[in-house]
Amino acid sequence: MSVDAGLEPDVITAAKVDALAADVWDSLGLGDAGPVPGAAEDDRLVTASVSVAGRWTGHVTVSCGTDTGRALAAAMLGLDGSNIEDADMADAIGELANMVGGSLKGLLPPPSTLSLPHVITGPGATHHFPHARPVCRSRITAVHGPVTITVWHSTAERIHR
Amino acid sequence: MKILIADDSRVMRQIVSRTLRQAGFDGHELVEASNGREGLQAVADEKPDVILSDWNMPEMSGLAFLQALRASGQAIPFGFVTSEGSDDMRAVAANAGAQFLIAKPFTAEAFQEALQPVLG
Numbered sequence: 003m004s005v006d007a008g009l010e011p012d013v014i015t016a017a018k019v020d021a022l023a024a025d026v027w028d029s030l031g032l033g034d035a036g037p038v039p040g041a042a043e044d045d046r047l048v049t050a051s052v053s054v055a056g057r058w059t060g061h062v063t064v065s066c067g068t069d070t071g072r073a074l075a076a077a078m079l080g081l082d083g084s085n086i087e088d089a090d091m092a093d094a095i096g097e098l099a100n101m102v103g104g105s106l107k108g109l110l111p112p113p114s115t116l117s118l119p120h121v122i123t124g125p126g127a128t129h130h131f132p133h134a135r136p137v138c139r140s141r142i143t144a145v146h147g148p149v150t151i152t153v154w155h156s157t158a159e160r161i162h163r
Numbered sequence: 030m031k032i033l034i035a036d037d038s039r040v041m042r043q044i045v046s047r048t049l050r051q052a053g054f055d056g057h058e059l060v061e062a063s064n065g066r067e068g069l070q071a072v073a074d075e076k077p078d079v080i081l082s083d084w085n086m087p088e089m090s091g092l093a094f095l096q097a098l099r100a101s102g103q104a105i106p107f108g109f110v111t112s113e114g115s116d117d118m119r120a121v122a123a124n125a126g127a128q129f130l131i132a133k134p135f136t137a138e139a140f141q142e143a144l145q146p147v148l149g
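Each protein sequence line maps, in turn, to chains A and B.
When you read off a place in the first sequence, starting at 1, and then add 2, the result is the number in my numbering.
When you read off a place in the second sequence, starting at 1, and then add 29, the result is the number in my numbering.
Careful: at least some of the hints might be erroneous.
[To be verified] Which chain A residues stay away from chain B? Per the calculated CB distances, all over 12 Å, these:
no., residue
1, 27
2, 36
3, 108
[As the list claims (entries may be wrong)] So, partial list: chain B residues that the calculated Cβ filter (under 7 Å) puts toward chain A:
no., residue
4, 39
5, 40
6, 135
Read the hints as simulated data drawn from the structure, not as lab findings.
All residues carry an ideal CB built from backbone N, CA and C; glycine is no exception.
Just chain A, with the same shape it has in the complex (with noise of 0.2 Å):
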């Protein structure tokens, strides 16, 4: 499901997350991604997340199940998707974060600069970003299964004023 719901509509739009992640999905060989309705979250997930800060300032989360995870740093790395070590899953799920808000980072005002990927795996495992709301969430699934994307505008500033 793609819910646009953001303080900036007309740069950051579930269509463009949608079409940013699809360059991704192809450039790397894993398929054509395209949106997906909303499906039931595995129990155990792979979540990375990078922040942008600069005039714009936020942070960009890639959320999928562990299987998916697994079968997505296996066709990253060309191996048999059965042996994969949870460093490889987060390695790549973070890599598809970085990927994802590198691309995002061109839609917004320069400067800005993006960090390096945090990743999290477990049940629910999920960031939380207490001064930031999610703007942007986009789903989109290919052949290794769903991955959610999610935009967060921080509210920092404001908090500060």
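Position chain B relative to chain A; hints supplied.
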């Protein structure tokens, strides 16, 4: 020729290696480093002919890696493979002495275009 791939992501090092082959640059020896500091050591140990480096890496960034190389008088061809391809970053890269910047997501054609002048 010997190509050094510097990236903190093992997955991305693998993807860069695969894309080099897809771009027709197989048959070259590949060596790897996981950050700029390891890259500097690999340059000393392996004496690569070309360097492909990520920009954002822990311990030492790709930009600091390039600046350290050029400060020591080493003119090894250096290109960034990075998720950030803005005009500002391309200008910073060029001013620091990079020959090219390939932005992720990339294609084999982008590798061909950037590396053909270097690898022939």
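- Sort out which numbered hints this structure fails and list those numbers smallest first. Numbers 1 and 3 - these are the hints that the structure violates, sorted from lowest upward.
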